[in-house]
Amino acid sequence: MKRPQLPCLSPKWAPYVFLSPFLLLFLVFGVFPLVFSLYLAFQSWEPAAGLSTMKFVGLENFSFALQDEWFWKSLKNTAWLAIATGVPQHLVAIPLAVFIHGAYRRSRNAIIGIYFLPYITSTVAIAMMFTTLFSTDYGVINQGLRALGQLPGLGWLLPAQPIDWLNHAENVKPAISLVVFWRYLGFNTVLYLAALQTIPADIYEAATMDGAGRWQQFWCITLPSLRPMIYFGVMLSVIGGMQLFEEPFILTGGRGGTDQAGMTTAMYMYRTAFEFNDFGTASALSWLLFIFVALLTWLTKRAFRQAQPQGDGT
Amino acid sequence: MTRPEPMSRWAAHVLVGFGLLLMIAPFYFMFVFASHARSDIFSLPPPLWFGDDFLLNFAILTERIAFWRSLGWSLYVALASTALTLLFCSMGGYAFAMFEFHFKKPLFALVVGTLLLPSFLGMIPTFMIMDALGWIDQPRALYIPGAASAFGIFMMRQFISSAIPYDLVEAARMDGCGELGIYWRIVLPLLQPAMGTLGLITFIASWNNFIGPLIVMRSPEMYTLPLALRSLQSPANTEWGALMAGAAIATLPLLVLFAISSRRLIDGLTAGAVRG
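Chains as they are written, first to last, in this note's numbering: chain A, 1368 to 1681; chain B, 15 to 290.
Please keep in mind that the hints were generated in silico from the structure rather than gathered at the bench. Backbone N, C-alpha and C define an ideal beta-carbon position, used for all residues, glycine too. Be a bit skeptical, because a hint or two may be false.
[Unchecked claim] Mimicking BS3-like on lysine-lysine, the simulated pairs with C-alpha atoms at most 27 Å apart in a straight line are:
#: 1; chain 1: A; residue 1: Lys-1668; chain 2: A; residue 2: Lys-1440
#: 2; chain 1: B; residue 1: Lys-118; chain 2: A; residue 2: Lys-1379
#: 3; chain 1: A; residue 1: Lys-1443; chain 2: A; residue 2: Lys-1540
#: 4; chain 1: B; residue 1: Lys-119; chain 2: A; residue 2: Lys-1379
#: 5; chain 1: A; residue 1: Lys-1540; chain 2: A; residue 2: Lys-1440
#: 6; chain 1: A; residue 1: Lys-1668; chain 2: A; residue 2: Lys-1443
[As the list claims (entries may be wrong)] Far from chain B by the CB rule (all over 10 Å, computed), these chain A residues:
#: 7; residue: Gly-1425
#: 8; residue: Asp-1435
#: 9; residue: Gln-1627
[What the hints assert, rightly or not] For each label pair, taking beta carbons as the anchor points, the in silico distance ranges come out as:
#: 10; chain 1: A; residue 1: Trp-1586; chain 2: B; residue 2: Glu-114; range: 45 to 51 Å
#: 11; chain 1: A; residue 1: Ile-1658; chain 2: B; residue 2: Trp-149; range: 28 to 34 Å
#: 12; chain 1: A; residue 1: Trp-1437; chain 2: B; residue 2: Phe-115; range: 44 to 50 Å
#: 13; chain 1: A; residue 1: Thr-1625; chain 2: B; residue 2: Phe-115; range: 55 to 61 Å
#: 14; chain 1: B; residue 1: Phe-64; chain 2: A; residue 2: Thr-1625; range: 33 to 39 Å
#: 15; chain 1: A; residue 1: Phe-1423; chain 2: B; residue 2: Pro-203; range: 51 to 57 Å
With the hints as extra help, turn the sequences into a complete structure.
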């Protein structure tokens, strides 16, 4: 193989040369937008007349947003979705991970792979797919529910009428949560599986010798050992849930659905910017949402600290 | 570990199996529906097995949207952003891992800091920058900013500092190998496992990217695949069979990639979490 002659580069300058392509792009497309967005949140201008009409308006964009009924509605929707998708994910993922960890050896990677699959596929393809599954009269989900309802003893649990998932304001959020839950369950399960692998097996052996049952071991060893990962996983769910955009955007056709029941704050920000052409208010919205995310993160942190058992050094 | 009672164990097996079915079912229906005409999809009971209308759906698909062109753009952007990300992040990660230089610590803190900030904060300014640069409807508006991946830098730095001994670099330097030579002939070959993982993650993220193109790709002939598929959705008259065919074709490469590299992908995507 012919070796190309490489130009000489001294060790003193090398790190700057290696770093500069990344750094240049990172400063222009990573850091600058964040700073600029904060600047924009205090400005107002006519998009048609160009940036020269931009003027400083103080907190006007923020006060406008805070008095905006749709902003509060979208924030409520977002919080609802974050909780309705976040909490069940962890309640299911923890026992699932514990069981997979204990019961499967050879088929384990295949099982994890399948649970993980939704996470790596296109949100658009998935949301389109679920739109057909959610169809009121002929959708697979309603037909499945109807079939279940005909089983003896289950009928009273299930609705008699087919559910109008995507057009009825009350049902849009549960439908979105279902899709998000389906998409991220495997990701969380993998997190917990990784944490379970770090618990030394001899703790369980010692507990068994001491006569601790399966449930006792779960409550007294497994769950406390998983605590740091639960904290981390819940944090990721909170941060991710507050940013929900793609799933509700596609499932509600980009408009938030009947009565804006499926409109998240990230969606509302997008619409304020690109449908209503108000970039200043949209930037203010994005910072308000950021403040709420930070607040929730802080609350989660506090909740975990308060729930901390004594003598736990994590 | 004690074995649980057989009854509860069977129940758990059934539940795990049921979960597997729920995970696969939407994909299965996507492929099944892709082979049925619209009127068949919405019938009682729904089609449960493959039909023979796939070519018909595909014909409708190519008639409604510039399918091949969108596929081409998706592929082009995904390949370009993967190549650029791998090059820039391996170089930057190497600089962070193996060199001392001015402002190294604050710079790295800045990189990690932006990882924690929600991406929606930069959405509007990014559009304005692209507009000012004249990059609206240009594929480079997608792959050039994508190459400044904070996640990629972080991952590369972690890998290089744990897998490549500093002595090796030092020894090569003593032997008179130039700095670019050390990077190109010694570091890069050793980086292959991490490059593979980062490459896969970048490719998949770009292939699936929806918000990015939604903001910068304005004219239909520049749509990437996810945007083109979404443009088929209409309140009244969506060609669901064609849409499912398109979604299935867009998903297929991911399924293949995942089948051959699931372990590596899962480890890569959750690695930050596990180390943290």
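Right, here's what the structure says about each hint:
Simply put, Lys-1668 of chain A and Lys-1440 of chain A have alpha-carbon atoms about 26 Å apart, close enough for the 27 Å limit, and the pair holds. Annotation: proposed proximity of Lys-118 of chain B to Lys-1379 of chain A holds, straight-line Cα distance about 14 Å (limit 27 Å). Taking the CA atoms of Lys-1443 of chain A and Lys-1540 of chain A, the gap is near 11 Å; set against the 27 Å cutoff, the hint holds. With a C-alpha separation of about 17 Å, the suggested pairing of Lys-119 of chain B with Lys-1379 of chain A holds against the 27 Å cut-off.
Straight-line distance between C-alpha atoms of Lys-1540 of chain A and Lys-1440 of chain A comes to about 13 Å, which keeps the hinted pair within the 27 Å bound. At roughly 21 Å between alpha-carbon atoms, Lys-1668 of chain A and Lys-1443 of chain A fall within 27 Å of each other, so this suggested pair holds. Distance to chain B confirms Gly-1425 of chain A as a non-interface residue, since its nearest Cβ pair spans about 19 Å, more than 10 Å. With a closest Cβ-Cβ approach of about 17 Å to chain B, Asp-1435 of chain A is found to remain outside the 10 Å limit, as its non-interface label requires.
A cut-off of 10 Å between C-beta atoms confirms that Gln-1627 of chain A is not in contact with chain B; the least separation is 16 Å. Between Trp-1586 of chain A and Glu-114 of chain B, the C-beta spacing of about 49 Å keeps the proposed range 45 to 51 Å intact. A C-beta distance of roughly 31 Å is found between Ile-1658 of chain A and Trp-149 of chain B, which places it inside the suggested range of 28 to 34 Å. The supplied range of 44 to 50 Å is met by Trp-1437 of chain A and Phe-115 of chain B, whose beta-carbon atoms lie about 48 Å from each other.
Taken as a hint, the range 55 to 61 Å holds for the pair Thr-1625 of chain A and Phe-115 of chain B, whose Cβ atoms sit roughly 57 Å apart. A C-beta distance of roughly 35 Å is found between Phe-64 of chain B and Thr-1625 of chain A, which places it inside the suggested range of 33 to 39 Å. Range check, Phe-1423 of chain A to Pro-203 of chain B: Cβ separation about 54 Å, and the 51 to 57 Å hint holds.
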